[in-house]
Amino acid sequence: MKLNELEAVIEAVLFVSGEAVSLAVIADAISMDKATTKAIINALADKYSDEKRGIHIVELDGEYQMCTAAHCFDYIRSIYKSTKRQGLTQSLLETLAIIAYKQPVTKGQIEEIRGVNADHAVNKLVERGLVCEVGRQDAPGRPILFGTTKEFLRYFGFASTKELPQLDENIVHNSLDAAKIEE
Amino acid sequence: MKLNELEAVIEAVLFVSGEAVSLAVIADAISMDKATTKAIINALADKYSDEKRGIHIVELDGEYQMCTAAHCFDYIRSIYKSTKRQGLTQSLLETLAIIAYKQPVTKGQIEEIRGVNADHAVNKLVERGLVCEVGRQDAPGRPILFGTTKEFLRYFGFASTKELPQLDENIVHNSLDAAKIEE
Amino acid sequence: MEITLQLENFQGPMSLLYHLIEKNKIDIYDIPIFEITNQYLAIVEDAQKRSMDVMSEFLLMAANLLEIKSRMLLPKAKNEDSENEIDPRAELVSKLIEYKRFKNVTEEFKEREEAASQVLYKEADPSLSIFKQEEVVEIEDFLDGVSFDDIYKAFQEVLRRKEKKVDRVRSSFKSVERDLYTVEEKISYIKDLIIISTKIRFWEIFRENVRKTEIVVTFMALLECIKMKIVSISQDGAFNEIVITKYIGSEINEA
Chain A
9 MKLNELEAVI EAVLFVSGEA VSLAVIADAI SMDKATTKAI INALADKYSD
59 EKRGIHIVEL DGEYQMCTAA HCFDYIRSIY KSTKRQGLTQ SLLETLAIIA
109 YKQPVTKGQI EEIRGVNADH AVNKLVERGL VCEVGRQDAP GRPILFGTTK
159 EFLRYFGFAS TKELPQLDEN IVHNSLDAAK IEE
Chain B
9 MKLNELEAVI EAVLFVSGEA VSLAVIADAI SMDKATTKAI INALADKYSD
59 EKRGIHIVEL DGEYQMCTAA HCFDYIRSIY KSTKRQGLTQ SLLETLAIIA
109 YKQPVTKGQI EEIRGVNADH AVNKLVERGL VCEVGRQDAP GRPILFGTTK
159 EFLRYFGFAS TKELPQLDEN IVHNSLDAAK IEE
Chain C
47 MEITLQLENF QGPMSLLYHL IEKNKIDIYD IPIFEITNQY LAIVEDAQKR
97 SMDVMSEFLL MAANLLEIKS RMLLPKAKNE DSENEIDPRA ELVSKLIEYK
147 RFKNVTEEFK EREEAASQVL YKEADPSLSI FKQEEVVEIE DFLDGVSFDD
197 IYKAFQEVLR RKEKKVDRVR SSFKSVERDL YTVEEKISYI KDLIIISTKI
247 RFWEIFRENV RKTEIVVTFM ALLECIKMKI VSISQDGAFN EIVITKYIGS
297 EINEA
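Sequence lines, in order, name chains A, B and C.
At position 71 of the first sequence the residue is numbered 79 (this note's numbering), and the sequence of numbers has no breaks.
At position 4 of the second sequence the residue is numbered 12 (this note's numbering), and the sequence of numbers has no breaks.
At position 145 of the third sequence the residue is numbered 191 (this note's numbering), and the sequence of numbers has no breaks.
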């Protein structure tokens, strides 16, 4: 094999293994002795880093592994962040507020207050770790009760839900009465 | 970013993802428009194959994935002692070919062409991830429509279903002519 | 022709029939139906003695062949307008051709399968899952810029709105209302809905006691969504329910 063929095999082996590969195994793959193999790998690794390539070869305790170059880290990270990143929309904020003040609360009760389907908003909040299931309501269908998470309280600096700022009583009562009338 | 920096990011992203990455995501990572991104990826892929590198970049239905070069297979195989992949049987190949060209297609339509029950073959192909349900036909019984998957493209090395070899249209025309002559 | 063919070696009746045509070097457009039917039946009968498995389909073809054979035996109608008379073999021929087209291409599939089996892919890097997980637990990022005061106000706002809805008399006095609903908000709401369920009826967007302004704003948002090719709508007839579906090719996703 010519040098560039040897390099290609090393590249392919390191790529596909996805973990550190010992010098002995690589030497075996290209049918070369360890010293020569080591020299080839090192030359290849240098070439990668000289050319500022996106993938590098690192040595770990006599084994070799392919990895991404540190200078590409932020770009990779941005992909996985940007696809999921989305701020707290008005709809999520309102749902979160209802859960915070009325917990434990069912989706049905949230919908009753907001007047729109709460599935999406509640799922999003659960996914974000702001809200979690806290039990089941003792009612037909045993609907899930939702409450805020410890992380939620910690973020806003409350020790417990009892510490949440009190609401204007008038509004609360009126709305609760109203909810009862409609039930 | 300079061109080689853009290439580095693409390389890193494809290396790390372990699955096909869409053009949109890659374009996002390097903050370029899709057309430019596509040109850069294609140039990089060409460079890899021109230089007979150990890793290649393949296109799968508008997405890109990194893989090993076929010419390195035997060396990789020698160290992993992997057994060769079991090929598809004639019966599965015929069924798959029909699905590939006639998609979306129902089992009934496949049976019409092959003259045999398609249950077993279709189930096997679905099991292997080469075929999947793509919808329901708007006809009595709403039969399931099948189509090929991304894994199908990967399995046969097609960049997209548009790349399927041409079916021999001539035979069909001849047969129609022949039928007419005999009438 | 000696009967050494094993039925089990064939993918089905088409495969067997096709084999016979190739073996006998027959012009597919002029099949000697008597000869082929006899050969076919001989093989099928022989196989029947050994196994009854997978026979029905072969027998179905046998019946088909016999039918064609008998139709060929019938004297041809010599009517003046018999130009449209179809060769009894025509349907079989076109089916065989269709089958051959796909059978031919399997050779190339096989070659590509072999070549592609030498290309290896790797699993996703385990460190990626850390990125993803990290994203889910980062409340700080998600709530960036949100103070508890915002939550407090949001709750008050929700309750006030609810109260207004119930008190119809008072709310009806108001001639100017604050714009509670924005088209932007409703667009993102419709986007959310269309992700959760691919098909929504127009009135499902609303709850009971919905306000007129909200209906108008939502309807405007819906028109905007159609223009932006996020959704498509359909209606069976005038005054029927409007059905909203995700626009084919729309790129909205969970994001």
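Note that these hints are calculated values from the structure, not bench results.
Keep in mind that a hint or two might mislead.
[Claimed, not checked] Below, simulated DSS-like cross-link-like pairs (lysine-lysine); rule was C-alpha separation at most 27 Å, straight line:
hint, chain 1, residue 1, chain 2, residue 2
1, A, Lys55, B, Lys10
2, A, Lys10, B, Lys115
3, B, Lys46, B, Lys132
4, B, Lys46, A, Lys55
5, C, Lys275, C, Lys199
6, C, Lys199, A, Lys158
7, C, Lys199, C, Lys237
8, C, Lys69, B, Lys170
9, C, Lys141, B, Lys132
10, A, Lys115, C, Lys69
11, A, Lys60, B, Lys55
12, B, Lys46, A, Lys60
13, A, Lys115, C, Lys232
14, B, Lys110, B, Lys55
15, A, Lys60, B, Lys158
16, A, Lys110, C, Lys141
[Unchecked claim] Output of the computed footprint for chain B on chain C, the stretches with three or more beta carbons under 8 Å from beta carbons of chain B:
hint, segment
17, 53-60
18, 152-166
19, 274-285
[Stated by the list, open to error] Pairwise CB distance ranges (calculated):
hint, chain 1, residue 1, chain 2, residue 2, range
20, C, Glu153, A, Ala43, 44 to 50 Å
21, C, Met266, A, Glu171, 48 to 54 Å
22, B, Lys55, A, Asp127, 32 to 38 Å
23, B, Asp54, C, Glu157, 22 to 28 Å
24, B, Val142, C, Val289, 19 to 25 Å
25, A, Lys55, C, Glu68, 19 to 25 Å
26, B, Gly143, C, Ala284, 27 to 33 Å
27, C, Ser278, B, Asn12, 42 to 48 Å
28, A, Leu68, B, Cys140, 50 to 56 Å
29, A, Asp127, C, Met266, 20 to 26 Å
30, B, Arg93, C, Met118, 44 to 50 Å
31, C, Ala284, B, Tyr109, 27 to 33 Å
Note that CB positions come from ideal geometry on N, CA and C, so glycine has one too.
Report the numbers of all earlier hints that the structure fails to satisfy, in ascending order. 2, 3, 5, 8, 10, 14, 15, 16, 19, 21, 22, 25, 28, 31
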